[in-house]
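Let chain A serve as the given structure and place chain B on it in line with the hints.
Taken in order, these protein sequences are the chains called A and B. Mapping the first sequence onto this note's numbering, position 262 (from 1) lands on 262, and the numbers just tick up by one. To get this note's numbering, take the position in the second sequence, counting from 1, and add 285.
Don't read these hints as lab results, they were simulated from the structure. Wrong hints could be hidden among the right ones.
DSSO-like cross-link-like pairs, simulated, lysine-lysine; straight-line CA separation at most 27 Å [as the list claims (entries may be wrong)]:
hint, chain 1, residue 1, chain 2, residue 2
1, A, Lys249, B, Lys419
2, A, Lys249, A, Lys280
3, B, Lys293, A, Lys10
4, A, Lys277, B, Lys400
5, B, Lys400, A, Lys280
6, B, Lys293, B, Lys419
7, B, Lys399, B, Lys385
8, B, Lys385, A, Lys277
9, A, Lys91, A, Lys113
10, A, Lys276, A, Lys265
11, B, Lys385, A, Lys280
12, A, Lys276, B, Lys385
13, B, Lys419, B, Lys385
14, B, Lys399, A, Lys249
15, A, Lys67, A, Lys91
16, A, Lys276, B, Lys400
17, A, Lys277, A, Lys265
18, A, Lys113, A, Lys146
Ranges of calculated distance between the beta carbons of each label pair, as one might list FRET restraints [stated by the list, open to error]:
hint, chain 1, residue 1, chain 2, residue 2, range
19, A, Tyr60, B, Ala410, 53 to 61 Å
20, B, Lys385, A, Gly111, 44 to 52 Å
21, A, Ala162, B, Ala410, 52 to 60 Å
22, B, Ser361, A, Glu42, 51 to 59 Å
23, B, His359, A, Pro269, 21 to 29 Å
24, B, Glu357, A, Asn179, 35 to 43 Å
In this text, a Cβ means the ideal position worked out from N, Cα and C, and glycines have one as well.
Here is what each chain is made of, one letter per residue.
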Amino acid sequence: MNQAIRDKAKELLASGAVSCVIGYDVGSDGINARPFFAYTEEEADGLAFDQTCTHNLVKYLIDRAGKATAIVVKPCDARALTVLINEKQVKREEVFIIGAVCHGIIESTWGQKGSDLQGRCQTCTQHTPLVYDLLVGEPMAEPTPKAPLDHRAATLANMSVAERAAFWAEQFQRCLRCNACRQVCPGCYCAECFVDQLDPEWVGIRIDLPEKWLWNTIRAFHLAGRCVGCDECQRVCPVNIPLGLLNHKLEEEVATLFDFRPGVKADVPAPLETFKKDEKLGIGE
Amino acid sequence: MALDYQPKIVGFLCNWCSYAGADMAGTSRLTYPPNIRIIRVPCSGRVDATLVTKCFQQGADAVLVAGCHPGECHYSEGNYHARRRFTVLRELLSFLGIEKDRLRLEWVSAAEGKKFSQLVSEFSAEIAHLGPRKDNGKAAGGSL
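Chain A on its own, in the form it takes in the complex (with noise of 0.2 Å):
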């Protein structure tokens, strides 16, 4: 697998279509896998992929912009490409896909390689990826759907409201407002956020509950309907806060109501960009 992927890498380099190949390499522990770019048919060499390889890197594609680039996607990536594909963010002329088979990516830590699946990758439907211009790896059957490890998500169903509020209010407090959920995020490409807007002042400058719960919340509403439910956010968060809970109830609400999921199908808009004349969605009739 990782012959594959130096092979095409150097020739694609090579023959000057692409000028740079986005990839893992080996961290510097040994052990865990980190961005990796490609210039130069030497580098290349040192591309690798296993089952450490957590990143997305389909952002970076986004600083691409104008020159050809080759990126190395799992299928959770590959989703989040079309996503920002579709949005216009990434050209698909400009970008050759290498898609992986994915296994799953395990939980480790630095210097230490885990055991278990991480939890995205248990409860994942997809070893291979939706789109791709190379596939490596051998293809192999697809799972089977299970249900959310995170048995939260029912719980929370069955609360009362005030039980919700106090749930998220304590999750919420610990947010340091570092934005690394938006900094990780496929879907967070904006110039500039509103978090970050002086003018209008959405979110304060204080460091308290209210800040950190208006951010909270429309981080995730701007993600309804995009996110493909990576939970890089999650796994980046500092303090454990469980982003990929608010994340899948907007997916499955978007499922349910437009019977849409994000980075499935190319040249489909997100369904808050769109709408139906004579739908009936239970609001304002």
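Same frame as chain A, but now just chain B:
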């Protein structure tokens, strides 16, 4: 619940229909409760989810968004976008602990002064019945 509890409702009214509808209610001498604070906006489609969420953050008991009836939008399609947006936002807010009933989207035309006055009376009574926000203002930074 204290008897003198008065809900605070923020109303975003579209300039072309609902604001004129509210005006019609006034010129027709129809009464409605003073719990609603009206903000005139160009279109219901202009009402960003952040505006509504910010109202709740600042301690509003409820938010009303009113615009032209489907098919009658001054900008052709703003209200269709609003319809999808607030359907989803209501679900999110409910998941976060704010009752769905506290966010309402309604269609009020410029001729429907009576509808507007009834709508605000009903909505205000409903929110008064619902009582103060269940998050005890924990998420609320201030009061309107």
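Checked hints:
no., hint, result
1, A:Lys249 to B:Lys419, "holds (21 Å)"
2, A:Lys249 to A:Lys280, "holds (21 Å)"
3, B:Lys293 to A:Lys10, "violated (65 Å)"
4, A:Lys277 to B:Lys400, "holds (23 Å)"
5, B:Lys400 to A:Lys280, "holds (21 Å)"
6, B:Lys293 to B:Lys419, "holds (14 Å)"
7, B:Lys399 to B:Lys385, "holds (25 Å)"
8, B:Lys385 to A:Lys277, "holds (23 Å)"
9, A:Lys91 to A:Lys113, "violated (36 Å)"
10, A:Lys276 to A:Lys265, "holds (19 Å)"
11, B:Lys385 to A:Lys280, "holds (17 Å)"
12, A:Lys276 to B:Lys385, "holds (23 Å)"
13, B:Lys419 to B:Lys385, "holds (12 Å)"
14, B:Lys399 to A:Lys249, "violated (38 Å)"
15, A:Lys67 to A:Lys91, "holds (10 Å)"
16, A:Lys276 to B:Lys400, "holds (26 Å)"
17, A:Lys277 to A:Lys265, "holds (22 Å)"
18, A:Lys113 to A:Lys146, "holds (25 Å)"
19, A:Tyr60 to B:Ala410: 53 to 61 Å, "holds (54 Å)"
20, B:Lys385 to A:Gly111: 44 to 52 Å, "holds (47 Å)"
21, A:Ala162 to B:Ala410: 52 to 60 Å, "violated (21 Å)"
22, B:Ser361 to A:Glu42: 51 to 59 Å, "holds (57 Å)"
23, B:His359 to A:Pro269: 21 to 29 Å, "holds (23 Å)"
24, B:Glu357 to A:Asn179: 35 to 43 Å, "holds (41 Å)"
Violated hints, in rising order: 3, 9, 14 and 21; the structure is consistent with all others.
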